[in-house]
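Q: Using this note's numbering, you'd call the opening residue of the sequence shown number 4 and step up by one each time.
Because the hints were derived from the structure by calculation, they are not lab data. A portion of the hints provided could be inaccurate.
Claimed, not checked - Below, a list of computed lysine-lysine pairs in the DSSO-like style, where the Cα atoms sit at most 27 angstroms apart: (1) Lys6 <-> Lys123; (2) Lys31 <-> Lys124; (3) Lys182 <-> Lys252; (4) Lys124 <-> Lys77.
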Amino acid sequence: MKKNQRISLFIIAKNEERHIARCILSAKNLVSEIIVVDSCSTDKTALICRDLGAQVFSRPFDGFTSQKNFALSKVSCPWALNLDADETLTPELAEEIARTVEQTSFNGFHIPFSNYFLGKKMRFSGLNKETHLRLVRTDKASYCGGLVHEGLEVHGPIGRFKNSINHYSYDTIETYFRKFNHYTTLAARQMYQNGKRFSLIGTVIRPPFEFAKRYLLKLGFLDGVRGLLWASFSTFYVFVKYMKLWYLKQENGK
Numbered sequence: 004m005k006k007n008q009r010i011s012l013f014i015i016a017k018n019e020e021r022h023i024a025r026c027i028l029s030a031k032n033l034v035s036e037i038i039v040v041d042s043c044s045t046d047k048t049a050l051i052c053r054d055l056g057a058q059v060f061s062r063p064f065d066g067f068t069s070q071k072n073f074a075l076s077k078v079s080c081p082w083a084l085n086l087d088a089d090e091t092l093t094p095e096l097a098e099e100i101a102r103t104v105e106q107t108s109f110n111g112f113h114i115p116f117s118n119y120f121l122g123k124k125m126r127f128s129g130l131n132k133e134t135h136l137r138l139v140r141t142d143k144a145s146y147c148g149g150l151v152h153e154g155l156e157v158h159g160p161i162g163r164f165k166n167s168i169n170h171y172s173y174d175t176i177e178t179y180f181r182k183f184n185h186y187t188t189l190a191a192r193q194m195y196q197n198g199k200r201f202s203l204i205g206t207v208i209r210p211p212f213e214f215a216k217r218y219l220l221k222l223g224f225l226d227g228v229r230g231l232l233w234a235s236f237s238t239f240y241v242f243v244k245y246m247k248l249w250y251l252k253q254e255n256g257k
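From just these sequences and the hints, can you work out the full model?
A: In C-alpha cells, the structure reads:
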C-alpha cells in the first residue's frame, strides 16, 4: 500500500514496549506521519517508536483528554487517526481508509472494534458491537471530557467504516489488574471532582446488576470462561471505583 500523505497516526502511551511496535507497523504503510506522546515511560517505548520513524513527545500524564488533545495538536496532516498502543488496524481497514479519505464529505468515521481478552476474540459480553470515533479531519475535531472518559467531538457529518480495529486489551490477568488500579483511581477522582455522592446502598446494589448485564443480558456466558472473567472483573471494577470515591471523601473530610 502506498503511504497516504493526507493521514497522520497519533498514539498516547506509557510503558508499552510489548505492544507498540505491532500497533505502529499495522498503520505504517498507510500514514505519512506518526506522533507518539509518551507519558514518561521507564521502558523502551520511546526508543522503539523512534526506531520506527515516529516523532516522540514526552509529557507527564494529566488525564486522557488533555493528553490526546496535545497529541492532536502535533498532527500536521489533514486527517488524524488515533490508535491505542494495544490496537492494530486490520489490512482490510487500512485499505478502506486509504480509499475513503481521497474523496468523502464526512469529517470523521466511527470504526468497529474486535476485542480480544486473554488471547481470544470476545464475541459477546457487550464487546461485540463496540465502535469508536477514531479517524477525523484534524481541523474539525477536539477531545472533551475528564480524566478517564475522553470524547472526540467532530463538527460536521460522521460516517462509519465496515472493517475493524483489533483491540488486544488484556493479554494476561496480571495486565488487567495493573491497569485496573490506575483506571479505578482515575474514575473515582473524576466522580469526586464532579461532586458525585457516595451511597452505601448504591454501592451494594450496583455490582449484582453489572454482573447480570454483562453475563446474562449481553450473553457473556457464550464467551465461556473468558465471559465469566470479564463479567466478574467488570463487576469488581464498579465496586472498587465507588469504594475509592468513599475513601477520597474520607481523606478530604467531605
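Q: If any of the earlier hints don't hold here, list their numbers in rising order.
A: Violated hints (numbers, rising): 1 and 4; every other hint is consistent with the structure.
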